[in-house]
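Going by this note's numbering, the letters in the sequence shown line up with residues 1 to 91, in that order.
Where hints are given, some of them may not hold.
[What the hints assert, rightly or not] Within a straight-line C-alpha distance of at most 25 Å, the following computed DMTMM-like cross-link-like pairs (lysine to aspartate or glutamate) qualify:
1. Lys-57 <-> Glu-24
2. Lys-57 <-> Glu-17
3. Lys-57 <-> Asp-78
4. Lys-57 <-> Asp-80
5. Lys-57 <-> Asp-18
6. Lys-57 <-> Glu-86
7. Lys-57 <-> Glu-26
8. Lys-57 <-> Asp-6
9. Lys-57 <-> Asp-3
10. Lys-57 <-> Glu-46
[Claimed, not checked] FRET-style restraints, in silico, Cβ to Cβ:
11. Pro-34 <-> Thr-13: 33 to 41 Å
12. Glu-46 <-> Glu-24: 30 to 38 Å
13. Pro-34 <-> Gly-87: 38 to 46 Å
14. Glu-51 <-> Val-30: 26 to 34 Å
15. Gly-64 <-> Gly-87: 31 to 39 Å
16. Leu-31 <-> Gly-87: 37 to 45 Å
It should be emphasised that the hints constitute simulated quantities derived from the structure, not laboratory data.
Ideal Cβ placement from N, Cα and C applies to all residues, glycine included.
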Amino acid sequence: LLDAVDAVRALPTTWLEDTSMLYESEPMYVLDQPRFLNAVALLRTELAPLELLRRLKEIEVALGRQSGGMRNGPRPIDLDILFFSEGGGGG
Numbered sequence: 001l002l003d004a005v006d007a008v009r010a011l012p013t014t015w016l017e018d019t020s021m022l023y024e025s026e027p028m029y030v031l032d033q034p035r036f037l038n039a040v041a042l043l044r045t046e047l048a049p050l051e052l053l054r055r056l057k058e059i060e061v062a063l064g065r066q067s068g069g070m071r072n073g074p075r076p077i078d079l080d081i082l083f084f085s086e087g088g089g090g091g
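Make the full structure from the sequences, and use the hints.
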């Protein structure tokens, strides 16, 4: 996860504002796999939503994620956009 944070921090016109604590969770759907490690990062970016998503997918590949794997199965990294707000307002 630290490598992912470093890669996100290196994105152009993107600033890492904060990160959550790290927590562990049980896998869902495909239960025969290790527990998940989870964290959330708050970013400020000038990238458009689809450009940010494209960059996050590139980071996943760089960190060993392969396309075409089992849906909800084991993976080394999974980066998602949970919320995207344009216009500079928080909340």
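Legend entry - Proposed proximity, Glu-86 with Lys-57 (alpha carbon, max 25 Å): holds, 21 Å
Legend entry - Given pair status - Asp-18, Lys-57, alpha carbons within 25 Å: holds, 21 Å
Legend entry - Beta-carbon spacing of Glu-51 to Val-30 - inside the hinted bounds 26 to 34 Å or not: Hint holds: Cβ distance 31 Å, inside 26 to 34 Å.
Legend entry - Pair hint Lys-57 and Asp-6, alpha-carbon separation not exceeding 25 Å: holds, 15 Å
Legend entry - Satisfaction of hint between Asp-78 and Lys-57, Cα-Cα up to 25 Å: holds, 9 Å
Legend entry - Consistency of beta-carbon spacing, Thr-13 to Pro-34, with hint 33 to 41 Å: holds, 35 Å
Inset, instruction - Mind checking the alpha carbons of Lys-57 and Glu-24 for me, to see if they're no more than 25 Å apart? - result: holds, 22 Å
Inset, instruction - Decide if the proposed pair is consistent with the structure: Lys-57 and Glu-46, CA atoms, cutoff 25 Å inclusive. - result: holds, 17 Å
Inset, instruction - Just tell me: holds or violated, for the beta carbon distance of Gly-64 and Gly-87 against 31 to 39 Å? - result: Holds, at about 35 Å.
Inset, instruction - Sort out whether Asp-3 lies within 25 Å of Lys-57, counting only the CA atoms. - result: holds, 14 Å
Inset, instruction - For Pro-34 and Gly-87, compare the CB-CB distance with the range 38 to 46 Å and indicate the outcome. - result: holds, 39 Å
Inset, instruction - Would you mind confirming whether the straight-line C-alpha gap from Lys-57 to Glu-17 stays at or under 25 Å? - result: Cα-Cα ~20 Å, so holds.
Going down the numbered hints, you'll see the structure goes against none, and every one checks out.
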